[in-house]
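**Q** Here's the letter readout for the chains.
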Amino acid sequence: MHDLQPLTALGGTTAQIDSFAHITIAENDGLALASVAARLGHEAACHKTLKKLLGAVPAPGKAVLHDPEAGFWMGPDQWMIGAPRETHELLADTLDALFGKTASVTEQTGAWVCFDVTGLAMPDLCERVCALPIRKMAAGDAQRTMIHQLGCFVIRRESADHIRILGPRASAGSLHHTLITAAHAVA
Amino acid sequence: MTQMNRLAGGQIDRNKTCKFTFDGKAYTGHQGDTLASALLANGVRLMGRSFKYHRPRGVLTAGSEEPNALVELRAGARQEPNTRATTAELYDGLFAKSQNRLGSLKFDLLAINDRFSNFLTAGFYYKTFMWPAAFWEKLYEPIIRNAAGLGSLSLEDDPDVYDKGFLHCDLLIIGAGPAGLMAALTAGRAGTDVILADEDFAVGGRLNSETLTIGDQSGAAWAAQAMTELRSLPNVRIMPRTTVIGAFDHGIYGAVERVSDHMHTPDAGKPRQILWRLYAKQTILAAGAIERPIAFENNDRPGIMLASALRTYANRFAVTADKRVAIFTNNDDGHRTAADLHAKGVKISAVVDVRPDAPRSMDYEVLQGEVVDTKGRLGLTFAEVKQADGNMRTLECGALGMSGGWNPNVHMTCHQRGRPVWNADIAAFVPGADLPAGMVVAGAANGDLSTAGALRGGAAAAKQALGLKGRLPTMPETEDKPINLKPFWYVEGCSRAWLDQQNDVTVKDVKLSHQEGFRSVEHLKRYTTLGMATDQGKTSNMGGLAIMAELAGKTIPEVGTTIFRPPYTPTAIGVLGGRHRGQEFHPKRLTPSHRWATEQGAIFVEVGNWLRAQWFPRKGETTWRESVDREVLATRNSVGVCDVTTLGKVDVQGTDAAAFLNKIYCNGFALLAVGKTRYGLMLREDGIAMDDGTAARLAEDHFVVTTTTANALPVYRHMEFVRQCLYPDMDVQLISTTEAWAQYAVAGPNSRNLLSKIVDQDISNDAFPFMACANITICGGLRARLFRISFSGELAYEIAVPTAYGDALMRKIMDAGAEFDVTPYGTEALGVMRIEKGHAAGNELNGTTTALNLGMGRMVSKKKDSIGSTLSEREGLNGDGQLYQVGIKPVDANDPVPAGAHLMNADGPIDAAHDQGYVTSACFSPNLGHAIAIGFLKDGANRMGETMQLVSPLTRVHVDVEITSAHFIDPEGERLRA
Amino acid sequence: MIIDHPLLGPRDAAEFTYMGDAKLIDRPDWQSDTAAQDFYEYGYLRDNPAGWHEELWFHEAGDRSWLVVTRNTVTHEISKVELARDVARAKGRSK
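Residue numbers (the numbering used here), protein chains in the order written: chain P, 1 to 187; chain S, 188 to 1165; chain Z, 1166 to 1260.
One or more hints might be untrue.
Here are the computed lysine-lysine pairs in the BS3-like style, where the Cα-Cα straight-line distance is at most 27 Å [unchecked claim]:
#1 S:K1049 to Z:K1245
#2 Z:K1260 to S:K999
#3 S:K999 to S:K806
#4 Z:K1245 to S:K1051
#5 S:K656 to P:K136
#6 Z:K1245 to S:K468
#7 Z:K1245 to P:K62
#8 P:K62 to S:K468
#9 S:K510 to S:K562
#10 S:K203 to S:K293
#11 Z:K1260 to S:K863
#12 P:K101 to S:K573
#13 P:K136 to S:K650
#14 P:K136 to S:K999
#15 P:K51 to P:K62
#16 Z:K1188 to Z:K1260
#17 P:K136 to S:K457
#18 P:K136 to S:K284
#19 S:K573 to S:K562
#20 P:K136 to Z:K1260
#21 S:K741 to S:K534
#22 S:K741 to S:K695
#23 S:K1051 to Z:K1260
#24 S:K1125 to S:K1049
#25 S:K1050 to Z:K1260
#26 P:K62 to P:K48
#27 S:K1049 to Z:K1260
#28 Z:K1256 to S:K1050
#29 S:K573 to S:K534
#30 Z:K1260 to P:K101
Listed next, with one range per pair, are the computed distances between beta-carbon atoms [to be verified]:
#31 Z:Y1205 to S:T1134: 25 to 33 Å
#32 S:T415 to P:E89: 53 to 61 Å
#33 S:T415 to P:A160: 21 to 29 Å
#34 S:G1034 to Z:T1240: 17 to 25 Å
#35 S:Q948 to P:A44: 38 to 46 Å
#36 S:R998 to P:E43: 38 to 46 Å
Bear in mind the hints are in silico, worked out from the structure with no lab data behind them. Glycine residues also receive a C-beta, built at the ideal position from the N, C-alpha and C atoms.
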C-alpha cells in the first residue's frame, strides 16, 4: 500500500465545517465519483445496468439517492455515479467492469469538491448564489447551474433543508468563499 | 425652533427621534421621515443647486422621480452622491451635504452662471466650444469637467458589500399601492406564488398620502390590514424598499433591494443592497402615476412643488413646506391638496385654477387665472397671479403646489419595444397593447386614476394574469371621481419657465431647438438635454412633448415619446457588480501543488483563472531572471519538475474515438498504437490553427486528449459541436477531466532516474520509449498515468495521479529527486525551454496562423477529411511568400530581440509596406548566453542565415539579427529519445 | 432570455454559449467537386435575418447539449428548441 496522504479539496487534511445560526456548510471529502456514458447502440443495456446498480435510471434533472451508490443525470446518456470513498476508492474500475462495452466510464473523484449545505436558511442561501428555483425543487432533483461563475451540480437530498453542491475542485476555495459570504448575508 | 413645520397626525413614529445633520447643521426628525420631509419639518426649503445655472432649488416631489433635492449622503468612504432626499430614509445619525455648489449652498459662487443664462441656452456646448479646435483639450474640457457633474465621489473603496440573488414566482406585482395590494390579495388568496415589490419603505403607495377612506377605514389603515393578511400567506413574498428597475426578455426582471440604506452602517456580513434577478411567469405592473408640474416664470424656487407632494408631506409625514400655501392647478386634484392642507391648519393663500368651471370652496379663495411669476431669492415668498379678468394679484406664500394632471407610470411597459398610446380623457400616455410578454397593467399606471379604479383594476389584473374565471368580488366603497382636467402645459410669454429642473431646460430652450430644426423628439432630447438627467425626465418630458407638438402643429401622440430604458431609477454600479470585485472578481483555480508551491515562496501568475507558479526565487536571487535561468539550466543539466495540471484534458471514449480524433485533428490518429501518444494540431474550419496538444491512446477505444490551458473550454465546446452537430452517429463519449488529475512534468536527463524511484514498473527506454503512455501505479499501489512526452526538449515524462494525491506526489518527487538536486520550475522557465526548442504556443497559435505558417503544413493529411482541411488549401493561404515560423538571434550577442518587433530586409527601407515578419516569443537563453526569439517571416523556410533588421520604432529598437532554425537546442531531438 | 430546453425545461440564456446560424450543421462533403466553393460558403456566408432564425446554443453551464433554437431576432421570441443532435440526424448527418 502506498503512503501518499491525500488532501481535501480545500487543501486540509480533514474536511472543513463552517456553522452559522441557520446554516452549516460541510466539505464532504468522502465521495468517490465516476461518470458513465452509454455507448451508441447500447443505451438499453446501459440503462439496465444502471437500474440494477441504483434501482432506477436517473431521468434528466434528477438524481437517484440510492445507497451506497447514488447517481444523477449529467447530460443526454450520461450520468455521474457516487459512492463512499472509503469503500469505493476504485469506483471507476468497478463500474468499468460492471458496464463492460455498454458504457464509457471515467474517474471523476478528483475533479470535484463537494459541500453539504444544511439548515433552515439553506433556500435563502441558494437564492443568493444561483438561479435554480430552489424552493420548487424536491428531493432527488439534480441540476447543473452557475455559482460564482463556476459550473456546479446542485442536488436536493432527502432532508428538506439539505442540498449537496458539487463544484470544480480547483476552485474549491472560491466556491467555499462564496458559500460562506452568502451564509453570513442570510444568517 | 425645531420642526417648526411639523403638523399633527401622519405616519411617523413620534416616539423615535432621529438626530441628523445637513450641511453641518444639526436637526431632528422622526422615524418614518425621509430626509426631505425632515428638512421641510425644520423649515429648510433650500436643498440643492441646479446643474447648469446653479439656481437655488428645493424638493419638487415626494418620491423617486425627484429632480432637485439631490444630496451627498453619509460621510467618508460611504459617501453617496446624487441621493434623492425624497427617498432617503431618515435614521439616527444621518449625515448629508448639499452638492453642486462652490462655497455654501446659500452663496454658491457658480450661481454667476445664472446671470449668463442667455449664453448658456440649448446647444450651448455644441456651439461654443467648437472653435478653435486646439482649445478643446487644454482649456474647455478641463473647465467643463470641473464644473460638470452633480455630487462628488469619496474616491475611497466602498467598504460595503452588495449581493446578487435570484427569485422565481408565478406572479410578480410591481407596486404596492391600492391596485398592487388588491392584486396581491386576489392572487395570494388563490394560492399563487406572488412577489410584491415596492420601492418605498412603507407599503400602500398613494393610500399613505391621502385622506380618502376605503370602506369604513382610512386608506392607510386599509393598506395596513391588507399587509397583515398578505404576511400571513406563505405563498406571498413582500419586498419593500425594492425597486424593479427593468423588464427584460421572457419575464426576467431586475430589482434592487435596499437592505441597509436605512441604517447607519449595514450589519456585519449583510449587504447594503441586493440586485435580484426575478423570473416571473406573469407580471402585474401597478406602478401608479406621477403628477406633472406646470411651467411658468420662476417656477423653480424652493417651496414650489407638485401639489401631490405637498399632500404627501402633510398627510403621510405631517409636514407642511410653509405656513402659507398656494395652489396652481388645471384639474380637480389640486383642490384636494388645498382641502387637505386647510384641514391640517395650513393657510391657503388661494387656489389658482386655469379653468372657468373650477370648483368653489367655502374655506379659501379660488381664482381663475395663471401664476405668471414668483419672488424670493432662496425660497418662495410671493406668487404673482394674472386673473382671467386681466387683474393682477400678489399672493403671499412660502409654498406653491402645481397640479398639471397625472402621467401613468408606463416606463416598464416600454422596456421591450412597447410604445404608449395617448388617452385624451386624462391627457396622458397610457400603456399600449405591445406590453412585455406576460405583463398586465393595473390601476393608475393603466390610466385608472381613481382609488376605486385602482382596486377594481388590481383584482381584474390578477384574475387575467392567472386565468381565473368568475366575477370580481365586491369592492369596498371608496373615492371614484373622474379626473376633470383641462390640458395646460405652460404659461405664455415666459422667459424662464422650467421644464427639466435638474438639467435646467426651459420652455424657451425647447422653442429654440424647434427653431433650429430639431424635429424628432429624440433630437430634442439630445440637443436640449431635456430628460437626460438622473431622473430621466419623469416630471419634465411630457411638458417638452406638449410644447413641441404645439410648435410643430401636431398632436402630442404624433410627436410621441422618447424610448424608456432601464434602469427605472439610478442604480449603483456596486450592486451591478455584486460580490465580483477585488479578489473575488472571478473565481480562482488552484493547482494541486499550490499549497506546496506557496511554502516554497513561489511567485504566482494568473493564467485564465489559474494561479500558476511563475518562478521559485531562492535566497540571494535578486532578479526574476536569476531564478528563471537557474531553473532552466538545472532542468537541462539534471532534472526539473513543473505542475502542468492546468492543461485541458478531455477523456475521449467509444468505438469511434479514433475516427473522431481524425476529424478534429488535421493529422491522423487512426493508426496510433495503443500505449502511444501523438502530437495533434487542431484547425478551425477556415484553416487557421485553433489549438494543439497530445492524444494518448490508453486503449483501442480510449484516448486522453490535452489542450492548451487557455483553450480548454472552447476546445471542449468545439469537440461537442463536432460530436453532436456534425457526426451524431459516431460512438464517442466526451468528458473533461482537467481537474480530476494532478499532472506534473518531470524533465531533464535525470528524470528517468528520479521517476524510477517512484513508479512501480520498468520505465527504461526499451520498456517505456519516447511517446509511450500507460496506466500505472506508483509508490506501491496508487493508480497513476504516465506519458513520455516533452515540451522542454529533454528526456521527460508527465505523471498524473488523482488530484487529492497531487500535493503528496509533489513532495514525494522532491524527496526522491533530492539526490539529483531536482528543481521546481515555473511558467517562465517552461516558456524559455519551449522557445529554445521552437515549440509553438499561444503567441504563435494567435488566430491568424495556419499549419503552413507554423512549419507543420505537411501534417495536414490530404487522405482524410478533418475540420479545416479543405479551406486550409485555399490559394491565399498557400504558395510563395507565406509567413513561416523561424528562429531569430541577435548578430551582437548583447542585443535584445523583443517580442512584437518587426523584421525588415537588411538594406531595405523601414516601413509597413516593406514589413517581412514579426517576433512572437522572445527570451534570454541561459544555455546559449544570448537573447533568442521565434517569429514569423515571409518565405522564412528559404531564408536561413539571412541577416535582417529587427525594429520597433515605438520602443526605439533597431538591431541586426540572423534568421535561424527555431530549434535552438538539440535540433535532432536526441535528448528526447535518450 | 429563457430557453426552454427540450430535456430540462426553461433555463436562463446566461447558462448558454451562442454560436450563431444553425446552418453550420450542414457541413459540406469534402470530396465533392465543388468542395472548395461549398466550404467557402459554409465558412463565410450567413444570412442575417431580422426575424426568425435558427441558431446554435451550447448549454455550457448545463448538460452540454448543443441546441437548435428558433428565435426571432427582432422580438427575441423563441418558437422552437431542439437537440442539435436530433436535428443533425434528421438532416441525414451520421458519421
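**Q** Next pair to validate is K1245 of chain Z with K1051 of chain S; report whether the Cα-Cα distance is within 27 Å.
**A** Distance of about 36 Å is beyond 27 Å: violated.
**Q** Decide if the proposed pair is consistent with the structure: K1245 of chain Z and K62 of chain P, CA atoms, cutoff 27 Å inclusive.
**A** Holds - the C-alpha atoms of K62 of chain P and K1245 of chain Z are around 24 Å apart, at most 27 Å.
**Q** Sort out whether K695 of chain S lies within 27 Å of K741 of chain S, counting only the CA atoms.
**A** The hint holds at about 19 Å.
**Q** Measuring from beta carbon to beta carbon, are T415 of chain S and A160 of chain P in 21 to 29 Å?
**A** 28 Å, holds
**Q** Below or equal to 27 Å on CA atoms is what counts here, so check K1049 of chain S against K1245 of chain Z.
**A** 39 Å, violated
**Q** If you check the beta carbons of Q948 of chain S and A44 of chain P, does the distance land in 38 to 46 Å?
**A** 39 Å, holds
**Q** Lying within 25 to 33 Å: is that true of the beta-carbon distance Y1205 of chain Z to T1134 of chain S?
**A** 40 Å, violated
**Q** Would the pair K573 of chain S and K562 of chain S pass a check requiring their Cα atoms to be no farther apart than 27 Å?
**A** With a Cα-Cα distance of about 15 Å, the restraint between K573 of chain S and K562 of chain S holds, given a limit of 27 Å.
**Q** Go ahead and decide if the range 38 to 46 Å is satisfied by the Cβ distance of R998 of chain S to E43 of chain P.
**A** 44 Å, holds
**Q** Given the hint that K1049 of chain S pairs with K1260 of chain Z, test it: the Cα-Cα distance must not exceed 27 Å.
**A** 19 Å, holds
**Q** Given the hinted pair K203 of chain S and K293 of chain S, is their Cα-Cα distance within 27 Å?
**A** Cα-Cα ~31 Å, so violated.
**Q** CA of K1260 of chain Z to CA of K101 of chain P, is that 27 Å or under?
**A** 20 Å, holds
In this structure, the earlier hints numbered 1, 2, 4, 10, 12, 14, 18, 20, 21, 31, 34 are contradicted, and the remaining ones agree with it.
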